[in-house]
Each structure stands twice: as C-alpha cells, then as structure tokens.
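> If you read the protein sequences in the order shown, they are chains X and Y. So in numbering that gives the first Met the number 0, spot 41 of the first sequence is number 40, and the numbers just go up one at a time. So in numbering that gives the first Met the number 0, spot 39 of the second sequence is number 38, and the numbers just go up one at a time.
Hints were generated in silico from the structure; no laboratory data involved. Every residue, glycine too, gets a C-beta built ideally from N, C-alpha and C. Do not take every clue at face value.
Stated by the list, open to error - To list a few chain Y residues with every Cβ distance to chain X over 10 Å, as calculated:
no.	residue
1	9
2	10
3	14
4	26
5	36
6	37
7	41
8	56
9	58
10	69
To be verified - Examples of chain Y residues toward chain X, derived with CB under 10 Å:
no.	residue
11	12
12	20
13	21
14	29
15	40
16	44
17	45
18	49
19	51
20	53
21	54
22	57
23	61
24	65
25	67
The chain contents come next:
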Amino acid sequence: MAISGTQVRTSVHVAARSYVYIANEINRLFLESIQSAGLDPTAYVQIQQTIENGLRTWITMHYLETAHLEILDRGSQVVRSRIDLGLSYVDSPTEDRYSTDIDRVRQALAGTPQMAGCEYRVVVTLKDGAPAVSGWGPTALGSIDHLQRQDVGKVIDTGGGTVQMYRYL
Amino acid sequence: MQVNYQVGGDRHTYDPGTSEDLGDITRGIEEHLRRNHPELAGRDHLTEKIADGLLNGLAGDGTDIELGDLS
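If we strip away everything but chain X, and leave its shape as in the complex, we get (with noise of 0.2 Å):
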C-alpha cells in the first residue's frame, strides 16, 4: 500500500507540472504568433489571465482538445490566419520531462505576412460536458476554407501530454 501511495503522488504532481507548462507554454507560443504577424500583445496579454484560468482548468479535467489563436480581418471578419495546438494526454504519467520546441515554433512562423489590420481571439475546442470558466462563453470558429494548412509537428513535450501545433495561413 505504501508503494502504491508513492506512485499516485509521482504522478499526480508530474500530471500537475505537465498541465501548467502546457498552459503557460500555450500562451507563450500564441504570443510569439501574434507578434510574428506585427500584432500588438496588449489585449492579449489584458486578458492573459482568464485565458489561463480556462485552459488551466479544462486541461486538468482532460476536457480541452485544440485550443486556437483566429486572427481576423477586423472589417470583414474573415480569418487571415489560425494557430491550432492541439493537445493529447497521457495517462498515469511518471516521466517528468517538460520541454518546448521554440526553434520548430520559429521557424514556421518565420517569413509570416503582416496583417496590419486585424485583431485576434482565443478559441478553444472542448470535449462535451466541459465546465463553464469565467470571462469564456460559447463561440463558433470562422470559416479557414480559403487557407492552407500547415503540420508543424510536435512543439510541446511533457510527461503528462503533448501539444501538436498546425498553422492556417
């Protein structure tokens, strides 16, 4: 019994760790997108804290699939750009590994059109049943017909889960 304890606490504090790298490292690599196209962070970083406290809660219950950044033309509304990262998670984990590939991230956002003119949003994709956070209501995504996507790959790795990352540009 007291070995069993010692592995559920293993890995409810690597599960912990890897939940809050993923949603700090989540926001960071929205940042870098949204100033790789010349946007200005400021509303995004106003509103950094509800963003966290969102995907903070719905990746501990296992609920968020793809959290989006939707950047938009502000007259037309019609999406120039979208960043996905898309999440998947490990059961019982025990590897306590947490690492970020920036270089990746970079590189594919390297050579990114400015898109003077636009504004941008947080969306995220949940599971159903997910339970409501405050300062998030329901949306729609807008159509990305009209883009071509991108696989970056694997840009977030930790014991706990790991975040795939595709852009639409």
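Dock chain Y against chain X, hints included.
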C-alpha cells in the same frame, strides 16, 4: 493528499482518495462540496477554483491542497 477549504468561516478538510487522475480528483472534490455544503450548489466556477488549487498545490510538490474560502 488532503484538501483544505473554508465555508462560512469554518475550516474543513477532505481526503480525495488514491485516484491519480486529476480530472477524477477534481470531480470528486466538487461532488463532495456540493453534497456537504448545499450553500455552494449555486456557485459558478467552483470547478475552476478546485482545478486551480490542485495545480498550485501539486505542481509545487506538495500534498496539501488549499482551496481557500469558497463562500
């Protein structure tokens, strides 16, 4: 692991058991709170507070989870 919280100025503790799934632990704590403190039933975003407390406690290698005042 022990979960500490306050309701109406009174301090309470709860043992969430041996599950290693943070989602299950979160749901278990929420069920316990709604069952034992009906005054919290209408509180929005209780899950958010529980998940936040769990991550803050466990990510720092602790075993005690502090949820604070839930009133």
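> Which hints from the list above does the structure break, by number from lowest to highest?
The structure conflicts with hints 4, 8, 9, 11, 15, 24, 25, although it agrees with all the remaining ones.
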